[in-house]
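Asker: Sequence:
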Amino acid sequence: MSAIRFEPTKQYYATTSLVIGYALCSSLLAVINKFAITKFNYPGLLTALQYITSAVGVWVLGKFGFLHHDPFKFDIANKFLPAAVVFYLAIFTNTNLLRHANVDTFIVFRSLTPLLVALADTIFRRQPCPSKLTFMSLLIILGGAVGYVATDSAFTLTAYSWAFAYLVTITTEMVYIKHMVMNLGLNTWGFVLYNNLLSLMMAPIFWVLTGEYNEVFAALVANGGNWFEPVAFTAVSFYWVFDLRLVSETCKLDL
1 MSAIRFEPTK QYYATTSLVI GYALCSSLLA VINKFAITKF NYPGLLTALQ YITSAVGVWV
61 LGKFGFLHHD PFKFDIANKF LPAAVVFYLA IFTNTNLLRH ANVDTFIVFR SLTPLLVALA
121 DTIFRRQPCP SKLTFMSLLI ILGGAVGYVA TDSAFTLTAY SWAFAYLVTI TTEMVYIKHM
181 VMNLGLNTWG FVLYNNLLSL MMAPIFWVLT GEYNEVFAAL VANGGNWFEP VAFTAVSFYW
241 VFDLRLVSET CKLDL
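If you're matching positions, the sequence shown starts at 1 in full-length UniProt numbering and goes up one per residue.
Any given hint could turn out to be false.
The calculated lysine-lysine pairs, modelled on DSSO-like cross-linking and capped at a C-alpha distance of 27 Å, are [said to hold, decoys possible]: (1) K63 to K79; (2) K79 to K132; (3) K73 to K63; (4) K132 to K63; (5) K178 to K73.
Per label pair, the in silico range of CB-to-CB distance [claimed, not checked]: (6) K132 to F72: 23 to 33 Å; (7) P82 to P128: 35 to 45 Å; (8) S17 to K178: 41 to 51 Å; (9) G65 to F124: 32 to 42 Å; (10) M136 to D104: 46 to 56 Å; (11) N102 to I20: 17 to 27 Å; (12) V31 to T158: 37 to 47 Å; (13) P204 to P128: 37 to 47 Å; (14) N214 to I20: 39 to 49 Å; (15) F72 to Y148: 41 to 51 Å; (16) F72 to C129: 18 to 28 Å.
It should be emphasised that the hints constitute simulated quantities derived from the structure, not laboratory data. C-beta: ideal position from N, C-alpha, C; glycine also.
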């Protein structure tokens, strides 16, 4: 009987520690992202660095046997591409939201995603409806978000346009990627590899479309070829470290 009691207790504490770790990394990453985009004001290049960090990190750890990921295959990549496009847009709008708004606004809009994902899962994926208490809690969060928007002294049309774009793309990404992962049978680390590697391949297209490559080259010329100022290098370094840590915590939760 003691062994039977021990296992659920052990699982409970393991899950709790992972949730706390994820929440801590996610919260800190929002602040670090804001710091990074403020000191290194190139959202396309900054997100590309994120994709490189995650993809290379998974590939290297896989080579050394610390994790197992599905091998990269072009036929699977072709099927996964629509999900990667949505993922890229979610990260792109996320970074631009932080570029134009404060962290509080980002957190408020991010807090609305559970409600939208729950509704989308029920409508499009035929998942069970949330319980009454859960749905009521999500509506309370919605009410708080509406109150925040109504009283936000830092309201700007640009910031809130990016906020709504982020809300649409992140909700779509969460629901659609669930569908893709289940259909393609990728393991968690394989999903991370495909998502980030395909997003990295798309990055140059957005650099050209947004004209950011001109800004980067102009900054390089102005700084005598130096990529980073010391403060910007520190901000981006923290961004890399906490992005890898957040990926790790997220994958553990999924597993």
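Asker: All the hints need checking, so say for each whether the structure fits it.
Answerer: Hint-by-hint comparison with the structure:
The hinted pair formed by K63 and K79 meets the criterion: a straight-line CA distance of about 25 Å does not exceed 27 Å. Simply put, K79 and K132 have alpha-carbon atoms about 37 Å apart, too far for the 27 Å limit, and the pair is violated. Restraint check for K73 and K63: the C-alpha separation of about 17 Å stays at or below 27 Å, so the hint holds. Of the supplied pair hints, the one linking K132 and K63 is violated, its CA atoms being roughly 47 Å apart against a limit of 27 Å.
Only pairs whose Cα atoms come within 27 Å are accepted, and K178 paired with K73 is accepted, the gap being roughly 20 Å. Roughly 44 Å separates the CB atoms of K132 and F72, a value that falls outside the hinted 23 to 33 Å. Checked against the hint of 35 to 45 Å, the pair P82 and P128 fails, with Cβ atoms roughly 26 Å apart. A beta carbon spacing of about 24 Å between S17 and K178 contradicts the range 41 to 51 Å that was offered as a hint.
Take G65 and F124: their Cβ atoms lie about 38 Å apart, and the range 32 to 42 Å holds. At about 24 Å, the beta-carbon gap between M136 and D104 misses the expected band of 46 to 56 Å. A beta carbon spacing of about 25 Å between N102 and I20 agrees with the range 17 to 27 Å that was offered as a hint. At roughly 21 Å, the beta-carbon separation of V31 and T158 lies outside the given 37 to 47 Å, and the hint is violated.
Separation of P204 from P128 is about 42 Å and conforms to the stated range, judged on CB atoms against 37 to 47 Å. Distance hint for N214 and I20: a CB-CB separation of about 43 Å, consistent with the stated range 39 to 49 Å. Our hint of 41 to 51 Å for F72 and Y148 holds, since their Cβ atoms are close to 42 Å apart. The hinted range of 18 to 28 Å is not satisfied by F72 and C129, whose Cβ atoms lie roughly 38 Å apart.
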